[in-house]
Amino acid sequence: MSDAPATVTHPAFAHQFDNLGQQRDVAVFGMWVFLVTEIMFFGGLFAGYTVYRSMYPHAFAIASQYMNVTVGALNTGVLICSSLTMVLAVQAAQLGRNRVVIWFLLATIAFGLVFLGVKAYEYHEKWVEQVVPGFNFHIHLPEARQIELLMVFYFVMTGMHALHMVIGVGLLSYLIWRASKDEFGPDYFNPVDNIGLYWHFVDIVWIFLFPMLYLIGAHLPRMIHE
Amino acid sequence: MTAHEKHAPENPAAARRSYVYVWLALLALTFATTTVGKIDLGPFNVYVALTIAVIKALLVMLFFMHVNHSRGITRVYVVAGFFWLGIMLVMTLTDYLTRRWPSPSSGW
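In order, the protein sequence lines correspond to chains R and A. This note's numbering puts the first residue of the first sequence at 1, with every later residue one more than the last. This note's numbering puts the first residue of the second sequence at 1, with every later residue one more than the last.
Think of the hints as simulated: they come from the structure by calculation, not from any bench. Here a beta-carbon is modelled for each residue, glycine too, at the ideal position from N, C-alpha and C. Be aware that one or more of the hints could be misleading.
[Claimed, not checked] Listed below are several chain R residues computed to face chain A (Cβ distance under 7 angstroms; list not exhaustive):
| # | residue |
| --- | --- |
| 1 | I39 |
| 2 | L74 |
| 3 | T76 |
| 4 | G77 |
| 5 | H200 |
| 6 | D203 |
| 7 | P211 |
From just these sequences and the hints, can you work out the full model?
The following block contains the structure:
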């Protein structure tokens with residue numbers, strides 16, 4: 001009960017809690033409950049991918065050669081940088097340095113937008129190469145149907161990931177607005193902390209998507225003609 | 001002493017340094033997985049790629065998501081989440097990998 005006095009006066013304190021420490025614990029726990037549902041959501045896509053890859057390993061390896069490994073690796077680096085600026089924003093919020101929070105959040109948004117821009121460029125590449133399943137798919141290889149299947153997984157998985165990033169950029173903008181009102185400090189920085197958890201989770205999803213989609217055919221000789 | 005969620009803030013400069021080290025490690029691992037991915041290791045390419053991905057995910061969770069400082073109940077929930085993911089993947093594969101499919105190369 002040592003933090004009881006802060007409890008009474010803090011504007012962010014919700015009355016159902018004993019104190020701000022308990023409020024913070026519940027916020028972090030609740031965020032992880034949500035993230036576990038996200039694990040299962042993306043996990044379903046990973047399971048489907050694994051099943052079909054075990055059926056058509058050769059076709060999936062060929063299809064993976066349509067991915068631009070260099071661009072994908074650089075984009076992974078961009079996302080990792082955004083996670084660094086995010087965690088630094090959380091720390092600044094905890095220290096009550098709201099101006100610094102805003103700058104780190106702006107950097108995180110900038111990295112996020114670079115990632116999405118590069119993603120859009122890659123999607124455009126796929127369209128030009130005519131490997132967009134259903135809409136513009138004109139590949140004349142023996143296993144074209146199975147290659148198309150991997151491209152379905154590619155667009156659904158990276159599309160869902162990109163959607164999470166877009167939502168994340170919106171949430172980060174909301175945090176900038178909160179930080180501009182000087183709301184965060186040692187007693188209360190739950191929103192920055194939780195949206196940070198969300199951002200890092202989306203980073204982890206990409207950490208698995210990158211090898212699964214880009215790298216599975218990279219070690220084999222080129223089987224597609226440009 | 002870990003009654004509440006906390007974030008290694010005893011020394012902010014030390015915490016910042018650890019974040020930068022984790023960031024460098026993640027970039028190095030990305031470079032490693034991309035480089036190794038282009039070398040033909042036969043069936044081991046996939047194991048190397050997934051091992052590196054798991055290490056990277058652990059680094060992000062332990063340090064950036066502060067699981068190494070979390071309360072026990074939060075850690076239990078994180079582990080349970082991945083355990084259930086494991087159930088989904090393993091039980092799905094015990095079905096699909098043990099069916100008698102026609103040869104994949106015969107098409108759909």
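Each hint, compared with the structure:
1. For the restraint placing I39 (chain R) at the interface with chain A, the shortest Cβ-Cβ distance is roughly 5 angstroms, inside the 7 angstroms limit, so the hint holds.
2. Evaluation of the L74 (chain R) hint against chain A yields a violated restraint, the C-beta minimum of about 9 angstroms exceeding 7 angstroms.
3. Restraint check, T76 (chain R) versus chain A: the minimum CB separation of about 5 angstroms is within 7 angstroms; hint holds.
4. Given the 7 angstroms rule on beta carbons, the hint for G77 (chain R) holds: about 6 angstroms separates it from the nearest Cβ of chain A.
5. The closest approach between the C-beta of H200 (chain R) and any C-beta of chain A is roughly 5 angstroms, which is under the 7 angstroms cut-off, so the hint is satisfied.
6. With 7 angstroms as the threshold, the beta carbon of D203 (chain R) comes within range of chain A, its nearest partner Cβ sitting at about 6 angstroms, so the hint holds.
7. With 7 angstroms as the threshold, the beta carbon of P211 (chain R) comes within range of chain A, its nearest partner Cβ sitting at about 4 angstroms, so the hint holds.
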